[in-house]
Amino acid sequence: MERGRDLGVYAILRIQHRAERSVSAANGAIQSAHCDERSGMGVQVITPDGATGHACTDRITPEAAERLVEDAARLASMSQGYGARKVDGHQRMPRLITSVHCEAPMGIENFSHEEEQRLVAKASAETAAIDPALACHTAYGIVHEEWRVVRSDGTDVMFNMPRAVCRSSITARDASSGRAASVGAAVSGRDASIIATPEGWERFMKRSRTQARTALALLEARGVKAGSYRLVIDYALAKGLAHEAFGHSAESDGMRTSILWRDGKFMAGTRVAPPNVSIVDGPVEGDYAYQPVSSNGVLRGTVHIVRDGVLTSALADAFSAAEAGVEPTGAGRAESYRDVPLPRMSNIRLTVADPIPMPRDFEDVTPEHVRDALVGAGLLQEGQVVLYLSGYKGGQVNPAKGDFVFNCSAIYELTTSAIRLRLPAIFSGKVLSALAAILAGIGDPVIDAQGTCGKKGQGVPSSGGANMFLVIDAAPDIRIGGV
Amino acid sequence: MFAANDTAEALAKALATAAGWRLTVTSSARLSMGMDDGELGGAYSPPRKVQEVSGSVFIVWEDGTVSKGLVSGSTIEQLKTKMSMWRSAAYRDDDAAHIAPLAEPAPVGLSDPRVAKVVQQSPRLAFDTLTAIASTARKAGADNVDASVACAAGNTVTATSTGLWVSYAHTSLSCGWVLNKSFAMWRLGRALETWKGLEPMVASTGEMLAASRNRVELAGGRVRVIFWPAVVDQLVQHYLVHNLSGDMVVEKRSRFSLDQFAAGHAAFRNDFSLELDTTIPMAPGSYPCTDEGIPGSKVVLVDGGRLVTPLLNTKYARKSGLAPTALPAAGLSPGYAGFRLRLGEPLAYGAMLSSADEALLVTGVLGMHTQDPVSGNFSLAASDALLVKEGRLVGAAKVVISGNFFDILGDSDTAAAVHPAYETPALAGVCRVEA
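Those protein sequence lines, which keep their order, are chains A and B.
So that you can map any letter, position 142 of the first sequence is 142 in the working numbering, and since no number is skipped, the others follow by simple counting.
So that you can map any letter, position 426 of the second sequence is 1426 in the working numbering, and since no number is skipped, the others follow by simple counting.
These are calculated hints, taken from the structure and not from any lab test.
We treat Cβ as the ideally placed atom computed from N, Cα and C, and that holds for glycine.
Some hints could be false.
[Unchecked claim] In the EDC-like style, the derived pairs of lysine to aspartate or glutamate whose C-alpha atoms are separated by at most 20 Å in a straight line are:
id : chain 1 : residue 1 : chain 2 : residue 2
1  : B       : LYS1398   : B       : GLU1358
2  : B       : LYS1068   : A       : ASP156
3  : A       : LYS401    : A       : ASP263
4  : B       : LYS1117   : B       : GLU1104
5  : A       : LYS122    : B       : ASP1094
6  : B       : LYS1389   : B       : ASP1413
7  : B       : LYS1068   : A       : GLU20
8  : B       : LYS1252   : A       : ASP36
9  : B       : LYS1080   : A       : ASP36
10 : B       : LYS1117   : B       : ASP1143
11 : A       : LYS456    : B       : ASP1037
12 : B       : LYS1068   : A       : ASP36
13 : B       : LYS1068   : B       : ASP1291
14 : A       : LYS265    : B       : ASP1037
15 : B       : LYS1319   : B       : ASP1291
16 : B       : LYS1068   : A       : ASP174
17 : B       : LYS1252   : B       : ASP1095
18 : A       : LYS401    : B       : GLU1217
19 : A       : LYS265    : B       : ASP1128
20 : B       : LYS1252   : A       : GLU126
21 : B       : LYS1319   : B       : ASP1247
[Said to hold, decoys possible] Restraint ranges, calculated between C-beta atoms of paired labels, are given here:
id : chain 1 : residue 1 : chain 2 : residue 2 : range
22 : B       : GLU1275   : A       : ALA322    : 26 to 36 Å
23 : A       : ARG118    : B       : PRO1200   : 25 to 35 Å
24 : B       : ARG1114   : A       : ASP308    : 55 to 65 Å
25 : A       : GLU199    : B       : THR1131   : 50 to 60 Å
26 : A       : ASP308    : B       : THR1081   : 48 to 58 Å
[Unchecked claim] The following residues of chain B were derived to be distant from chain A, with all beta-carbon distances above 12 Å:
id : residue
27 : SER1088
28 : GLY1109
29 : ALA1191
30 : GLU1193
31 : ALA1262
32 : ILE1280
33 : ALA1381
34 : LYS1389
35 : GLY1395
For reference, chain A alone in the conformation it holds in the complex (with noise of 0.2 Å):
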């Protein structure tokens, strides 16, 4: 910060400490494991003509700090003479000093990582035990990131991070046909308890078992006929959606072509879904993506970017919010201390009010009890077909087109009379036809589909979900692809 001062520049520090442990699994064997611990700094400067540079080292001494502040007030003044766009916002960041802690009662300092190899070859072993034609991949891994954020206006702020998930890659795969089918069981959370408690193996080897053998049955599925059609996602698609599809589109740094903004302002009290529905984001102690404090050293909001379906709030920071015609929501984050902040979500969720009942827990619903569900709502008539798309394999969205692709492990075409099993193929369409198509919720919300968010070729944990299920309506917007 003195040199900083010194050199006239406006200086954000970000130092970061990472430990990580991981280890994976294939088929009960031991495939690779690691523990290591991983730390650096980055300096962000803004000159008083608004230029920016950054640097950044994984050497934490007052001399590199020195040095880096220099080499980005270097390059920020370089950028000036091509024009480069001027940056504001930094004065308005409220000063904060404080430091924010997440209990992690079984984290990366307080479970042995022999206990994590044993769980991880067990879940693995007894996922592929279910079926001499299943292979499985089981990947965990549990990592501790402290933050600490000091900026030229006095804010000092450390946070830490905590997270753990477990995921299962299945494969079936038939030798005489050379048919396969490939499928996903993952849960997250804080600490090693997504698998070391009683109730988080259950959780997990439940969501296998249910994942390996639709695998097993998608080896005899046929593909489902292309078009448009009343759908039921569940929670983790629905997470994709709004995560994918609509929080992106409502972060600031957008503004100029996503389609949330008009003439580089939020389209807020714009109607963008039915008044049952509400879009959320903001930081849930003990998820897997909880960030309490932006990478700016702001503290992050809950942002109610669709309240009542009229869209409402932005995903903003301090850089673009001005602009943007928004509040600052402390929305900065970043992967790593080489990474400059970016606004971006951390548990997102889309919510219908007034939902459709489902008494039980999600890894104990079949699609019957959806069909069931759906009958008993009139949402599934005589003659007509429902898909229930399962399982999310993730998505991609274009925002300032608005288009957005999902894939799904299994898709359930139900009718009254019957349930067919039919292989997965692309949910694709425009973001505002997919939202205002929304129907109905099935059962209360479940917010641990876990991911990661690629922003700008940055990962940071993202999470989030929605009721256990959504119906969306048919609309000649919203496709499901053929294989």
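Start from chain A and add chain B according to the hints.
Same frame as chain A, but now just chain B:
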């Protein structure tokens, strides 16, 4: 900053009592900058400089257990703590607990001193290149330009307890542009020439953008689709590299089995071949040896449509009873990593396009990573598939294309075409198209 050599030497000394070890340490400096919505820099794409030491270490302990660890700039100072941490995370993996015997690294040049100078002393060339890309893009009709450039210079040491000690300098450059958030191109290389001669490439991206402004209605159905080389790269990575990876094959998560490789199973058309060459001078994916000390080389994976070998590191080579192979450099698309795909007698890309009576040119897709790599089935959205009529780009439409990549490769009507800007060919084959 400690140089790679210092860190490697300190590590080798500390590891002397282990039963075996290997390490790779890289010290590097990287300069990058970007442009969002036509403006250079700003809060989200500022000019940036990264200096760090990175790498990995693999240790075989006296009791036969193994450990993996990461190397950073602070490893030397924390060596005692690191060794203790790595020891505590040891696990048993008998197939992995071996260090490759000493072999001569491949003699391959990877460094351009002019690039190192840009990184360390004269970043103006990076700024100039970025602004030139934007200027050309605007002239080509783009209303909105996102672009980036980056360059890096470093030194890597790879060493093993079996006597390997190879130290080499390397450089890299990249640049890329996206016009109107729709049409993109990416260049990667090791020599300064990577940043030169970009104007025709940016202009050709602009031609696609211009054609896409005429939105057309398509009937759909079975349609001949020309996959742009960058899309073929994605298909090769997702479907071929995945299924040819040794860990996937050995763990039975691949489409192909070890028995099929042993039998030379005819998995593709007999004029299809795929090889990996990591010894092409100054190529982004080349190297003297892998992290395990296996020399860079040319590996034939599929020849005459028949499976030859999976990509095997030392562990999976041991598990499969086959010889270890060179491996693709991490993080690179197949063309840049050194994969070379051949299918029949390739046309020139221009000839493929001009001879197309009616086809769809797909230059980008959404959702590749969501597809099942084992089955080969795909179902992908393309926001701006370009309609080709009588050899000309005449319009664009949003479509969903679906099919099976292995079926397309096996179809006798599928053809490949060489594009001068890419190592991976364009492919033309029939897909199901939903408009």
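Here is what the structure says about each hint:
no. : hint                             : verdict
1   : B:LYS1398 x B:GLU1358            : 16 Å, holds
2   : B:LYS1068 x A:ASP156             : 35 Å, violated
3   : A:LYS401 x A:ASP263              : 15 Å, holds
4   : B:LYS1117 x B:GLU1104            : 30 Å, violated
5   : A:LYS122 x B:ASP1094             : 19 Å, holds
6   : B:LYS1389 x B:ASP1413            : 19 Å, holds
7   : B:LYS1068 x A:GLU20              : 12 Å, holds
8   : B:LYS1252 x A:ASP36              : 30 Å, violated
9   : B:LYS1080 x A:ASP36              : 13 Å, holds
10  : B:LYS1117 x B:ASP1143            : 34 Å, violated
11  : A:LYS456 x B:ASP1037             : 14 Å, holds
12  : B:LYS1068 x A:ASP36              : 9 Å, holds
13  : B:LYS1068 x B:ASP1291            : 12 Å, holds
14  : A:LYS265 x B:ASP1037             : 15 Å, holds
15  : B:LYS1319 x B:ASP1291            : 19 Å, holds
16  : B:LYS1068 x A:ASP174             : 35 Å, violated
17  : B:LYS1252 x B:ASP1095            : 17 Å, holds
18  : A:LYS401 x B:GLU1217             : 18 Å, holds
19  : A:LYS265 x B:ASP1128             : 32 Å, violated
20  : B:LYS1252 x A:GLU126             : 16 Å, holds
21  : B:LYS1319 x B:ASP1247            : 9 Å, holds
22  : B:GLU1275 x A:ALA322: 26 to 36 Å : 55 Å, violated
23  : A:ARG118 x B:PRO1200: 25 to 35 Å : 59 Å, violated
24  : B:ARG1114 x A:ASP308: 55 to 65 Å : 60 Å, holds
25  : A:GLU199 x B:THR1131: 50 to 60 Å : 57 Å, holds
26  : A:ASP308 x B:THR1081: 48 to 58 Å : 54 Å, holds
27  : SER1088                          : 7 Å, violated
28  : GLY1109                          : 28 Å, holds
29  : ALA1191                          : 24 Å, holds
30  : GLU1193                          : 22 Å, holds
31  : ALA1262                          : 15 Å, holds
32  : ILE1280                          : 26 Å, holds
33  : ALA1381                          : 4 Å, violated
34  : LYS1389                          : 24 Å, holds
35  : GLY1395                          : 16 Å, holds
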